[in-house]
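Trainee: Chains L and R supply the protein sequences, listed in that same order.
Residues in the first sequence are numbered consecutively from 1, following the numbering used here.
Residues in the second sequence are numbered consecutively from 1, following the numbering used here.
It should be emphasised that the hints constitute simulated quantities derived from the structure, not laboratory data.
Glycine included, C-beta positions come from ideal geometry on N, C-alpha and C.
A few of these clues could be false.
Claimed, not checked - Lysine to aspartate or glutamate pairs mimicking DMTMM-like chemistry, simulated, CA-CA at most 20 Å apart: (1) R:K40 to L:E71; (2) R:K9 to R:D30; (3) R:K41 to L:D85.
Claimed, not checked - Sample of chain R residues lacking proximity to chain L, with all beta carbon distances greater than 10 Å (derived): (4) T7; (5) P8; (6) N17; (7) K40; (8) S48; (9) N62; (10) R63; (11) G84; (12) A92; (13) Q104.
One letter stands for each residue in the lines below.
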Amino acid sequence: AQSVTQLGSHVSVSEGALVLLRCNYSSSVPPYLFWYVQYPNQGLQLLLKYTTGATLVKGINGFEAEFKKSETSFHLTKPSAHMSDAAEYFCAVSINTNAGKSTFGDGTTLTVKP
Amino acid sequence: DTAVSQTPKYLVTQMGNDKSIKCEQNLGHDTMYWYKQDSKKFLKIMFSYNNKELIINETVPNRFSPKSPDKAHLNLHINSLELGDSAVYFCASSPLGGGGYNEQFFGPGTRLTVL
């Protein structure tokens with residue numbers, strides 16, 4: 001079975017500062033990893049994903065994440081936070097069986113201060 | 001065109017009532033899901049259907065019954081509603097049988113409030 005842990009349920013940064021949201025996973029087979037963003041009163045939308053190949057993955061809105069197998073991590077970063085980045089962020093893991101079921105982390109609320 | 005749509009967006013009802021939430025996707029995906037998001041924003045999968053067949057059924061009370069009339073639709077019927085059923089329910093879909101490596105496309109959610 002796979003699982004994912006998001007460290008820090010709330011992260012607060014100043015506008016223009018680095019954003020770092022942490023995600024660690026557990027999986028007995030090679031994982032597929034995802035970051036989703038949820039804006040207030042909306043559904044989740046994909047930011048980026050890692051399946052195979054290049055371990056540094058670039059997504060929408062200037063976000064990127066690096067798959068580090070040795071650390072079982074998939075942290076999300078953005079060099080410079082914007083007010084519009086304030087949202088809930090979910091890390092998710094799935095494997096190539098289990099009918100495409102993704103296991104989601106508990107989410108991290110990102111607050112951006114002016 | 002909305003990719004994954006849900007109706008209604010808001011649902012307020014009394015304990016003990018029966019209600020349904022409908023979901024439709026126009027992406028041509030094979031797999032559809034229902035998730036429950038509680039007040040702390042925790043997201044839990046409830047069901048998954050692949051080509052109208054149930055493939056994931058998490059430990060959900062049998063008061064919840066999904067129905068997939070065709071590949072593009074997945075409805076959720078809830079009997080005898082309880083206070084603890086209050087949550088936001090999300091429908092999602094993904095292509096190619098769900099295949100692990102495919103992302104999911106989420107609907108806007110249905111906020112259910114049980115009084």
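Trainee: Any of the earlier hints contradicted here, and which numbers?
Mentor: Hints 1, 2, 7, 8, 12, 13 not satisfied by this model.
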